[in-house]
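Participant: Sequence:
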Amino acid sequence: PPQAVREYLAKRRIGAPITQEDRQFMWFQNGKRNFAPMFLDQMKPWMKLHKNVARREQIPPPVLPEVAVVGRSNCGKSTLVNTLAGRQNSKTSKIPGSTESLLFWKMGKPPVIMLVDLPGYGFAYQGEEKRTEWTELSLFYLSHRSNLKRVLVLVDARRGLMQSDREMISFLERYGVKWQV
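Just so we're aligned, residue 1 is where the sequence shown starts under the UniProt record's numbering, counting upward by one.
No wet-lab data here; the hints were simulated from the structure.
This one's a predicted model, so the numbers in the text were calculated from it and none came from an experiment.
Among the hints, a few may not be true.
Taking lysine-lysine pairs in the BS3-like style, the calculated list, with each CA pair at most 25 Å apart, reads [as the list claims (entries may be wrong)]:
(1) 109 to 44
(2) 109 to 51
(3) 51 to 11
(4) 44 to 11
(5) 106 to 178
Derived Cβ-Cβ restraints for the label pairs, each shown as a range [as the list claims (entries may be wrong)]:
(6) 8 to 88: 48 to 58 Å
(7) 7 to 135: 52 to 62 Å
(8) 140 to 112: 20 to 30 Å
(9) 58 to 19: 16 to 26 Å
The beta-carbon is built from N, C-alpha and C at its ideal position, and this holds for glycine as well.
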């Protein structure tokens, strides 16, 4: 609203909490930025980095069901992982290409699922060779993982579904991997 309207409301204390209960409610609504919905039947489920994988031979043996998160660089993959757990364990950045390896996160206590945060495809402030390594590792993982139950394809809302997203979906279809946008 315009400044004059805000001043009018503030001067007359319109919308200000009156009771202690109102103040607590407003604090909860405005102050809780790391709120997590129920996920895995737990509020803020336990989240621990199981493995940081940069090469094929480092991929851990399949123990838990896995859900992978893929998408273009800087579309919010790590942010989604953090939001699901209500934590800030997975590193996020405004700079494309900050996730440089496959991150296997054990979720739940006891662990019941593995969330896998993959490097983004598309633009990144890294060399071509490095981006090619990420892509090859990601595609190998997606096409050969026996316990991969679902792939979440994140689409950058600012750009919409792009050609690289379509190519990823086509790749998943070709290998019979279950996916959803």
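Participant: All hints are to be evaluated individually against the structure, with a verdict given for each.
Facilitator: Structure-based check of each hint:
Only pairs whose Cα atoms come within 25 Å are accepted, and residue 109 paired with residue 44 is accepted, the gap being roughly 10 Å. With a CA separation close to 17 Å, the supplied pair residue 109 and residue 51 stays within the 25 Å bound. Restraint check: the Cα-Cα separation between residue 51 and residue 11 comes to about 55 Å, which exceeds 25 Å; the hinted pair is violated. Of the pairs offered as hints, the one joining residue 44 and residue 11 is violated, with about 39 Å between alpha carbons and a cut-off of 25 Å exceeded.
With a C-alpha separation of about 20 Å, the suggested pairing of residue 106 with residue 178 holds against the 25 Å cut-off. A hinted range of 48 to 58 Å for the beta carbons of residue 8 and residue 88 is inconsistent with their spacing of about 38 Å. Range check, residue 7 to residue 135: Cβ separation about 54 Å, and the 52 to 62 Å hint holds. With their beta carbons about 25 Å apart, residue 140 and residue 112 fall inside the hinted range of 20 to 30 Å.
The beta-carbon spacing between residue 58 and residue 19, approximately 56 Å, falls outside the hinted interval of 16 to 26 Å.
In summary, the structure is inconsistent with hints 3, 4, 6 and 9 from the numbered list given earlier, while agreeing with the others.
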